[in-house]
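Visitor: Since the structure of chain A is provided, determine the placement of chain B on it from the hints.
Spelled out, the chains give:
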Amino acid sequence: DGGITQSPKYLFRKEGQNVTLSCEQNLNHDAMYWYRQDPGQGLRLIYYSQIVNDFQKGDIAEGYSVSREKKESFPLTVTSAQKNPTAFYLCASSPDRGGGETQYFGPGTRLLVL
Amino acid sequence: AQSVTQLGSHVSVSEGALVLLRCNYSSSVPPYLFWYVQYPNQGLQLLLKYTSAATLVKGINGFEAEFKKSETSFHLTKPSAHMSDAAEYFCAVSEFNNNDMRFGAGTRLTVKP
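As they're listed, the protein sequences go chains A and B. Residue 113 in the working numbering sits at position 68 of the first sequence, and the numbers go up by one each step. Residue 132 in the working numbering sits at position 26 of the second sequence, and the numbers go up by one each step.
Note that these hints are calculated values from the structure, not bench results. Treat the hints loosely; a few may be bogus.
Result set (EDC-like, lysine to aspartate or glutamate): computed pairs, CA atoms no more than 20 Å apart in a straight line [as the list claims (entries may be wrong)]: (1) A:128 with A:99; (2) B:155 with B:121; (3) A:59 with A:107; (4) A:115 with A:141; (5) A:102 with B:206; (6) A:102 with B:201; (7) B:155 with A:107; (8) B:218 with B:121; (9) A:116 with A:83.
A short, non-exhaustive set of chain B residues, derived as facing chain A with CB atoms under 10 Å [what the hints assert, rightly or not]: (10) 112; (11) 113; (12) 117; (13) 121; (14) 140; (15) 152; (16) 157; (17) 173; (18) 175; (19) 209; (20) 211; (21) 212.
From the three backbone atoms N, C-alpha and C, an ideal C-beta is built for every residue, glycine too.
For reference, chain A alone in the conformation it holds in the complex (with noise of 0.2 Å):
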């Protein structure tokens, strides 16, 4: 079955810790997404990748990184820069970036800071 899993379904982060979300994808899409849900406030894009070896930030890349060495994975690592991350974060998948395209969603991971 085509999709796209993340992992692990929690996180917990101590002070001072960086952490990565894993974000794999079998659709061959070109594009990819990190979104940071947070209650009352729907999704917000922090970083997406058009392309392998290529990314661009969002409206709220602060604290986070990304790197795309592969088409098929897209992991999010939440720095220590990052002073409220607990959040549900969602990876998602288009075909590629074009205007219209449906944009495919994980399951999500939430992330809690012990």
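Guide: Same frame as chain A, but now just chain B:
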């Protein structure tokens, strides 16, 4: 830049009643419009999308939405609510030259027995 506004953060209906979730958009060019559904602790699933082929769009699970340019609206409806429709619903907009998708704040639908 494009944006959407969802009117009503919470909507409650009785089982069997009409579901109406409101979405208004803002876009300087013809928009693409989407409705997604999210069940607790899950990702988003596409319900339907508007790409200018037809103003009335039918989606999964009996939902449909009508694009009204004059009202800049794309409201989601379902004639008869089912308990399984209880979820959060997001309206989203993107434009023809990029896939920068903007989401509304979401509407939580509760269905009472």
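Visitor: Against each hint, give a clear statement of whether it holds in the structure.
Guide: Against the structure, the hints:
1. The straight-line distance between the Cα atoms of residue 128 (chain A) and residue 99 (chain A) is roughly 26 Å, outside the 20 Å bound, and the hint therefore fails.
2. Restraint check: the Cα-Cα separation between residue 155 (chain B) and residue 121 (chain B) comes to about 25 Å, which exceeds 20 Å; the hinted pair is violated.
3. Between the alpha carbons of residue 59 (chain A) and residue 107 (chain A) the distance comes to roughly 19 Å, so the proposed pair stays at or under 20 Å and holds.
4. Using a Cα cut-off of 20 Å, the hinted pair residue 115 (chain A) and residue 141 (chain A) holds, with the two alpha carbons roughly 15 Å apart.
5. About 12 Å separates the Cα atoms of residue 102 (chain A) and residue 206 (chain B), which keeps this hinted pair within 20 Å; it holds.
6. For the suggested pair residue 102 (chain A) and residue 201 (chain B), the alpha carbons sit about 18 Å apart, so the restraint of at most 20 Å is met.
7. The suggested pairing of residue 155 (chain B) with residue 107 (chain A) is violated, with an alpha-carbon distance near 31 Å, which exceeds 20 Å.
8. This hinted pair checks out: residue 218 (chain B) and residue 121 (chain B) have alpha carbons roughly 6 Å apart, not beyond 20 Å.
9. As the CA atoms of residue 116 (chain A) and residue 83 (chain A) are separated by approximately 28 Å, the hinted pair breaks the 20 Å bound.
10. A cut of 10 Å between beta carbons decides the hint on residue 112 (chain B): the least distance to chain A is about 8 Å, and the hint holds.
11. Given the 10 Å rule on beta carbons, the hint for residue 113 (chain B) is violated: about 14 Å separates it from the nearest Cβ of chain A.
12. The interface hint given for residue 117 (chain B) is violated, since its Cβ lies 14 Å from the closest Cβ of chain A, which is over the 10 Å cut-off.
13. Of the supplied interface hints, the one on residue 121 (chain B) is violated, with its beta-carbon coming no nearer than about 26 Å to a beta-carbon of chain A, more than 10 Å.
14. The interface hint given for residue 140 (chain B) is met, as the beta carbon of that residue sits about 7 Å from the closest beta carbon of chain A, less than 10 Å.
15. The beta carbon of residue 152 (chain B) is positioned within 10 Å of a beta carbon in chain A (closest approach about 6 Å), and the interface hint is therefore held.
16. Contact between residue 157 (chain B) and chain A, as hinted, is supported at the beta carbon level, the nearest pair being about 5 Å apart and thus within 10 Å.
17. Taking 10 Å as the C-beta contact cut-off toward chain A, the hint placing residue 173 (chain B) at the interface is violated, the least distance being around 13 Å.
18. Checking residue 175 (chain B) against chain A: minimum C-beta separation of about 16 Å lies over 10 Å; hint violated.
19. Of the supplied interface hints, the one on residue 209 (chain B) holds, with its beta-carbon coming within about 4 Å of a beta-carbon of chain A, less than 10 Å.
20. The interface hint given for residue 211 (chain B) is met, as the beta carbon of that residue sits about 5 Å from the closest beta carbon of chain A, less than 10 Å.
21. A distance limit of 10 Å between C-beta atoms decides the matter here; for residue 212 (chain B) the minimum to chain A is near 6 Å, and the interface restraint holds.
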